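Colleague: Taken in sequence, the protein lines are chains A and B.
When we follow this note's numbering, the leftmost residue of the first sequence carries the number 11, and every step to the right adds one.
When we follow this note's numbering, the leftmost residue of the second sequence carries the number 11, and every step to the right adds one.
Among the hints, erroneous ones may be present.
[Said to hold, decoys possible] FRET-style restraints, in silico, Cβ to Cβ:
| id | chain 1 | residue 1 | chain 2 | residue 2 | range |
| --- | --- | --- | --- | --- | --- |
| 1 | B | GLU60 | A | GLU323 | 26 to 32 Å |
| 2 | B | ARG272 | A | ASP281 | 54 to 60 Å |
| 3 | B | ALA215 | A | PRO203 | 50 to 56 Å |
| 4 | A | HIS59 | B | GLN25 | 43 to 49 Å |
| 5 | B | ARG45 | A | ARG73 | 55 to 61 Å |
| 6 | A | LEU325 | B | ARG272 | 51 to 57 Å |
| 7 | A | LEU61 | B | GLU236 | 33 to 39 Å |
| 8 | A | THR221 | B | HIS59 | 55 to 61 Å |
| 9 | A | THR189 | B | ARG272 | 26 to 32 Å |
| 10 | B | ARG273 | A | GLU60 | 55 to 61 Å |
| 11 | B | ARG252 | A | ASP201 | 40 to 46 Å |
| 12 | A | GLU323 | B | ARG21 | 24 to 30 Å |
| 13 | B | GLU323 | A | GLU60 | 27 to 33 Å |
| 14 | B | GLN25 | A | HIS106 | 34 to 40 Å |
[Unchecked claim] Examples of chain B residues lying across from chain A (beta carbon under 7 Å, computed):
| id | residue |
| --- | --- |
| 15 | GLY28 |
| 16 | VAL29 |
| 17 | PRO65 |
| 18 | ASN71 |
| 19 | GLU90 |
| 20 | ILE235 |
Hints listed in this document are in silico derivations from the structure and should not be mistaken for laboratory results.
Everything numeric in this text was worked out from a predicted model, so none of it was measured.
Where is the CB? At the ideal position from N, CA and C, for every residue including glycine.
2 protein chains.
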Amino acid sequence: MARGSTRPTSRDVAQAAGVSQAAVSLVLGEKWRGRVSEPTAQRVREAAHELGYRPNLAARNLRLGRTRTVLLVVPALTTEFFAEVYTGAARIAAEHGFGVVLYPSPEGVGPARDPFASAQAALDGVIASSMAADALSAIRGDQLPLVMLDSDPDGSLGAATVNLDIADGIRQVAEHLLTLGHRRFLHLAADVPSWTFEVRAHELATRLAATPGTELRTARAPISIEGAQKATEAALTAPGPRPTALVCDDDKLAAGAYKAARRAGLRIPDDLSVTGLDDLGLATAIDPELTTVRLDAELFGEHGMRALLAVMEGLTPDAGDIPVNLVVRGSTAPPPQH
Amino acid sequence: MARGSTRPTSRDVAQAAGVSQAAVSLVLGEKWRGRVSEPTAQRVREAAHELGYRPNLAARNLRLGRTRTVLLVVPALTTEFFAEVYTGAARIAAEHGFGVVLYPSPEGVGPARDPFASAQAALDGVIASSMAADALSAIRGDQLPLVMLDSDPDGSLGAATVNLDIADGIRQVAEHLLTLGHRRFLHLAADVPSWTFEVRAHELATRLAATPGTELRTARAPISIEGAQKATEAALTAPGPRPTALVCDDDKLAAGAYKAARRAGLRIPDDLSVTGLDDLGLATAIDPELTTVRLDAELFGEHGMRALLAVMEGLTPDAGDIPVNLVVRGSTAPPPQH
DNA sequence: CCAACGAGGTTTTACGTATAACTTTCTGCG
DNA sequence: CGCAGAAAGTTATACGTAAAACCTCGTTGG
Numbered sequence: 011m012a013r014g015s016t017r018p019t020s021r022d023v024a025q026a027a028g029v030s031q032a033a034v035s036l037v038l039g040e041k042w043r044g045r046v047s048e049p050t051a052q053r054v055r056e057a058a059h060e061l062g063y064r065p066n067l068a069a070r071n072l073r074l075g076r077t078r079t080v081l082l083v084v085p086a087l088t089t090e091f092f093a094e095v096y097t098g099a100a101r102i103a104a105e106h107g108f109g110v111v112l113y114p115s116p117e118g119v120g121p122a123r124d125p126f127a128s129a130q131a132a133l134d135g136v137i138a139s140s141m142a143a144d145a146l147s148a149i150r151g152d153q154l155p156l157v158m159l160d161s162d163p164d165g166s167l168g169a170a171t172v173n174l175d176i177a178d179g180i181r182q183v184a185e186h187l188l189t190l191g192h193r194r195f196l197h198l199a200a201d202v203p204s205w206t207f208e209v210r211a212h213e214l215a216t217r218l219a220a221t222p223g224t225e226l227r228t229a230r231a232p233i234s235i236e237g238a239q240k241a242t243e244a245a246l247t248a249p250g251p252r253p254t255a256l257v258c259d260d261d262k263l264a265a266g267a268y269k270a271a272r273r274a275g276l277r278i279p280d281d282l283s284v285t286g287l288d289d290l291g292l293a294t295a296i297d298p299e300l301t302t303v304r305l306d307a308e309l310f311g312e313h314g315m316r317a318l319l320a321v322m323e324g325l326t327p328d329a330g331d332i333p334v335n336l337v338v339r340g341s342t343a344p345p346p347q348h
Numbered sequence: 011m012a013r014g015s016t017r018p019t020s021r022d023v024a025q026a027a028g029v030s031q032a033a034v035s036l037v038l039g040e041k042w043r044g045r046v047s048e049p050t051a052q053r054v055r056e057a058a059h060e061l062g063y064r065p066n067l068a069a070r071n072l073r074l075g076r077t078r079t080v081l082l083v084v085p086a087l088t089t090e091f092f093a094e095v096y097t098g099a100a101r102i103a104a105e106h107g108f109g110v111v112l113y114p115s116p117e118g119v120g121p122a123r124d125p126f127a128s129a130q131a132a133l134d135g136v137i138a139s140s141m142a143a144d145a146l147s148a149i150r151g152d153q154l155p156l157v158m159l160d161s162d163p164d165g166s167l168g169a170a171t172v173n174l175d176i177a178d179g180i181r182q183v184a185e186h187l188l189t190l191g192h193r194r195f196l197h198l199a200a201d202v203p204s205w206t207f208e209v210r211a212h213e214l215a216t217r218l219a220a221t222p223g224t225e226l227r228t229a230r231a232p233i234s235i236e237g238a239q240k241a242t243e244a245a246l247t248a249p250g251p252r253p254t255a256l257v258c259d260d261d262k263l264a265a266g267a268y269k270a271a272r273r274a275g276l277r278i279p280d281d282l283s284v285t286g287l288d289d290l291g292l293a294t295a296i297d298p299e300l301t302t303v304r305l306d307a308e309l310f311g312e313h314g315m316r317a318l319l320a321v322m323e324g325l326t327p328d329a330g331d332i333p334v335n336l337v338v339r340g341s342t343a344p345p346p347q348h
């Protein structure tokens, strides 16, 4: 790697093509209709290609005062969910000439490092998952265009929000299980302080309350297979009649519940119906395949990016929750006849 | 925020503190030992905090000619493996004042978009997984410091490489299964043209060839649960004596194999032993828990970043593969007595 | 007593780009 | 013929920062 050869600049290209630097900028910026003749433009392009010229992004960003780069703040990437959100957001961004930089907030619970210190790139806007709440304080400081994913519309200080219709998903789960005949429910709740999980608990409770004769208990667990297994084991061995349906806040919790059920000698779905939420790859890896609510993470990311583009242009993004739908597989069945 | 919507610059801070812009730069750059008095420095810091000053990264990058930002090119983030690689790399990077930008190459097989178009940030270096090979051509163009992950040392054009000792992992798997008494093997190979997968096949073949009376067949599948399931079903119903041990190129393939085995009425591990490679969360979600080779993805990322730091300083990173180790769980047992 | 020095700053410049403002030449037309 | 205006450029400037070069004192050692 020759340190003697520094990267060519637009001035080098200009010299090679025998024109001024401004001409190079005009040609390469595709803004030369009637400013530069075609032969000259051709010479410039050839010289640029010859030298392997790449514009200096730092200089361009400085000049233009914007970077066409957006930050996506997500909780730790322990599932593919946010990877898919990224994919969707990046696709839409690319269509508009933007790049997306990913900032997974650190796994630990401590206060997040400053996302902007990590993403050394200057930024034009931010999309933040409400689950990365610990990183929020740093974001608030900058008055960048901001879109929140799955955040309490009232609690996000007027920032635009894009939400999955989780409430409807839970409603579909409840409906499905009630129709099968279940009446004793256990809610395996994610032990994460986030609005999107509160919605699950609230919606399940209100839906079940509308049907007489139902019973709802709740167990809390961190979002991990081991945590879910322990919490479920404890809940299943609690006194009183055993629940027949286990509603989990997400698929990972359901996977832990499977192990607890197996250890307790319960068969799924014959003795216990289980549902998840997310429809990760995990859902079809376990046996029986999990009845769960499919969240279209890519679409979620697309909507988030579109909303941010709107905000950056000073518009108000159109609201409207993203629909979700129940996928019935083998983990739910009518309750055992007592 | 009082006046216009423009962000405060170091000049604004200077004016507020009653000093020159240069003084601000000196104080905030922590390079003022004996250049600025403590009281003045204090005034500057207060003014900066008061105004909510944040240095313009684009300007700084332009001035310094470097960005302290590094690109991590990975295949699609469909498992948590590369998320952990990122975590490790980002930790080491942060310790050295660097940021890491993630570039997941698009899922499709088509030619990758230019990573540098996506990561609008200018870059000081690149860490690239060899599994994102389609993005490589674009990288070659720039003569940036480059470190390859899991790449053929001979085939990477002299770029530094950091490798997991996959060969040793496969050796441990073979040893384990041979010790249990297995002789008829099926290798479920990832249908991905990558050196790191070739190593698996080669090492397994040579190790088994060293033991007389062994038999090795191979099935190929894309890295997905469904793909693995189909390939395994086909292989298990092939004529001839059924294999008793199934060595999978990674955990996801093993999960698919589980389903195929179940559908074929085979119990794991009694009728069929199965091994994986990666030790993803998936490995302990399925039943029985998977005997697999644990790859320390975070450590992998750390080594990659350390190597890149060395390359960027003009040094030659110390080679040496990263050790891996077999984790024996419930999916392997002695072969069925015929 | 004065030169040298260092503390504590300030002035100036360069990084590479995009673009506004300007210049020159040529063409068409009244 | 004279001049408007377009075509095809060029010159000059600003973006915000870091740091080299410079300046001005008060102190001090010889």
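Colleague: Against which earlier hints does the structure fall short, listed by number upward?
Modeller: As far as the earlier hints go, 2, 5, 7, 15, 16, 17 are violated by this structure, in ascending order.
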